[in-house]
Amino acid sequence: MTKGHRRTTYKTTGFVLRFIDYGESDRIVTFYTNDYGKVKGIAKGARRSKKRFANAIELFSCSTIIFSKKPRQELVLIENCDVINHYPDIRTDLEKTLTASYLIELIDQFTVEGKRNLQLFRLLKDFLELINNSDYSEEIIRFFEIRLLKHTGYEPVLERCIVCNMPIDRTENPFFNPKNGGIQCVKCRHNDFSFIPVSIGTVKMLLMGKEIEIDRIHRLILSKKSLKESREILGSFIRHTLGKELKSLQVLNQIKRMTVQS
Amino acid sequence: MTGYAAPIRRLIQELSRFPGVGEKTATRLALHILTAAEEDARRLAESIIEVKQKIRLCPICFNLTDKERCDICRDATRDKEAICVVSDPDSLVAVEESGSFQGTYHVLHGLLSPIDGIGPESLRLQELLDRISHDSVREVILATNPSVQGESTALLIAKLLHDKDITITRIALGVPVGGDLKYTDKMTMAKAIEFRRGM
Numbered sequence: 001m002t003k004g005h006r007r008t009t010y011k012t013t014g015f016v017l018r019f020i021d022y023g024e025s026d027r028i029v030t031f032y033t034n035d036y037g038k039v040k041g042i043a044k045g046a047r048r049s050k051k052r053f054a055n056a057i058e059l060f061s062c063s064t065i066i067f068s069k070k071p072r073q074e075l076v077l078i079e080n081c082d083v084i085n086h087y088p089d090i091r092t093d094l095e096k097t098l099t100a101s102y103l104i105e106l107i108d109q110f111t112v113e114g115k116r117n118l119q120l121f122r123l124l125k126d127f128l129e130l131i132n133n134s135d136y137s138e139e140i141i142r143f144f145e146i147r148l149l150k151h152t153g154y155e156p157v158l159e160r161c162i163v164c165n166m167p168i169d170r171t172e173n174p175f176f177n178p179k180n181g182g183i184q185c186v187k188c189r190h191n192d193f194s195f196i197p198v199s200i201g202t203v204k205m206l207l208m209g210k211e212i213e214i215d216r217i218h219r220l221i222l223s224k225k226s227l228k229e230s231r232e233i234l235g236s237f238i239r240h241t242l243g244k245e246l247k248s249l250q251v252l253n254q255i256k257r258m259t260v261q262s
Numbered sequence: 001m002t003g004y005a006a007p008i009r010r011l012i013q014e015l016s017r018f019p020g021v022g023e024k025t026a027t028r029l030a031l032h033i034l035t036a037a038e039e040d041a042r043r044l045a046e047s048i049i050e051v052k053q054k055i056r057l058c059p060i061c062f063n064l065t066d067k068e069r070c071d072i073c074r075d076a077t078r079d080k081e082a083i084c085v086v087s088d089p090d091s092l093v094a095v096e097e098s099g100s101f102q103g104t105y106h107v108l109h110g111l112l113s114p115i116d117g118i119g120p121e122s123l124r125l126q127e128l129l130d131r132i133s134h135d136s137v138r139e140v141i142l143a144t145n146p147s148v149q150g151e152s153t154a155l156l157i158a159k160l161l162h163d164k165d166i167t168i169t170r171i172a173l174g175v176p177v178g179g180d181l182k183y184t185d186k187m188t189m190a191k192a193i194e195f196r197r198g199m
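Line order of the protein sequences matches chains A and B. Final position of the first sequence in our numbering is 262; the numbers increase by one with none missing. Final position of the second sequence in our numbering is 199; the numbers increase by one with none missing.
Bear in mind the hints are in silico, worked out from the structure with no lab data behind them. You may find that some hints are simply not true.
Using 35 Å as the maximum straight-line C-alpha spacing, the simulated DSBU-like pairs for lysine-lysine come out as follows [unchecked claim]:
(1) Lys115(A) to Lys186(B)
(2) Lys70(A) to Lys247(A)
(3) Lys125(A) to Lys159(B)
(4) Lys210(A) to Lys159(B)
(5) Lys164(B) to Lys224(A)
(6) Lys159(B) to Lys256(A)
(7) Lys191(B) to Lys51(A)
(8) Lys191(B) to Lys125(A)
(9) Lys44(A) to Lys115(A)
(10) Lys256(A) to Lys80(B)
(11) Lys40(A) to Lys191(B)
(12) Lys191(B) to Lys256(A)
(13) Lys228(A) to Lys164(B)
(14) Lys191(B) to Lys11(A)
(15) Lys24(B) to Lys51(A)
(16) Lys51(A) to Lys186(B)
(17) Lys70(A) to Lys186(B)
(18) Lys224(A) to Lys159(B)
(19) Lys186(B) to Lys69(A)
(20) Lys40(A) to Lys24(B)
(21) Lys40(A) to Lys182(B)
(22) Lys44(A) to Lys52(B)
(23) Lys52(B) to Lys247(A)
(24) Lys186(B) to Lys256(A)
Please take these sequences and the hints and turn them into a complete structure.
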C-alpha cells in the first residue's frame, strides 16, 4: 500500500446533525465535531451493532467518535461512537425536540464539511444543554440564531443604519432590510416598503442576547412584541441568506396548526 | 455486461434497481432465473404482478391488505377498543408475532422528522384522530420506535389525545430478554431502572 492511500484514525467529540439509512444495516451520518467541523461518514452495521454504535446515532446526541479516512476521501469510515449525552429531557418533550431539530438544521445549513469552528460547536453544546436543563422559551431560539449568524460570518448590522451609520439610539422608527442585512433609518429607507419595522428595544435585546454569558441568558426576557419582531427580522434574514425556508420550521408550523385545532 | 444477450441485460438492469442489490448480485439473480424451471420463473413474475394489483391499504387501520378490510380489522374476536399505533407494517408484524396483543392497529406510514420535512400532514395521523372521534376507543398504545423521531411522534399523539377520555400508554423500554447487563448501553440501562417493576 502506498503512503498516499494510508488510512488515518481520528478521535473527536461531535453532535449528530442528521443520518440516513443506507443498504441493509448501514447509516450515513453527519456530525458536527469540535476538532474537524462538519464530518460526513458511513457507519457500517450501525443498525445492527449494539456494541460499536449503541444508541449513539440519534439526532442531536453528543458522542465520542472514532473515525478513519484516506486522503481526499469525502465520506469517512465511522468506526465507533460512545454516547456522552443524549439529552433525555429534550427527547421527552415535544417542543424541546422540535427546537433542537431546528438548531441542528441551522448548523447543518450554515456550515460546510471539513471547516473547524469551535465557537459554533460550543454554541450548539451550550444551547442544547440550556434547552435540556431549563423550561422552553422562544427567546432561546432567537438568541441562538443571532449568535449563529455572528459565528458564521453572516452577522446582521443592528448597532447602526447600514447606509448613513446613524447609531440605533438616535434613529427614529428603524427598519430591518433582509437583503442588505441590517438596520436602515427612516431617512435611508427611500420609500421601500419591503423593509420590516423594528423597535429600538427589540434591537437592543438582540444585541444583548448576542453577547451575554450563557449562564445569564435566561435573565433576558422579550416582550410579546419584541418576540414577534425578532422572529420576523431574523427569520427573513436567515431565509434570504439560505435562499429557502428550513424544513423543521415548516413542520413546526404544521404541528402548531394541528395542536391549536384540537 | 455487454457479453449478455439484450433480454438478460434488461433483467439485470431491472434487478439492480432493488435496494441493496448491485450489478453483480443482479447478474447472479438473473442467471438463477434463467436456469430455473419455466414454471418457477412464471410464478415469480405472477407474484410480482399480484402484489402490485391486489395489495392496498385497509381503510380502517392502513395496514397492507388484499381484501376490502384487513384480516385484523375483520376479526370479530379482536378488541376494537384498543388501538396499537405503529409507524409501518413491519412494526405491526413485530407486535402481532409477539402474540400478546389482541386489539387492533393503526399504521402511521412514517414518523415525525422535522429536519427531513416530515410533519404530521405526511403521516396517517388525521385518520387516527377521525377514527378515535367516531369509534369507541378505550386505550391507545403508542408503539413507535424509541428513537428521537419515534418519541416525538408518540409525544404529539399523546398531546392531541390529551383531553379525550382514553388511556394513553407507551411501550416499555429496558433490557432485552436473554440480554446481558454488562453489554447494555447506558441509556437502555437507565430506562430499565426507571421502569422497574415490583415482584
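When the structure is checked against the list of hints, which entries are broken? Sort them ascending.
none
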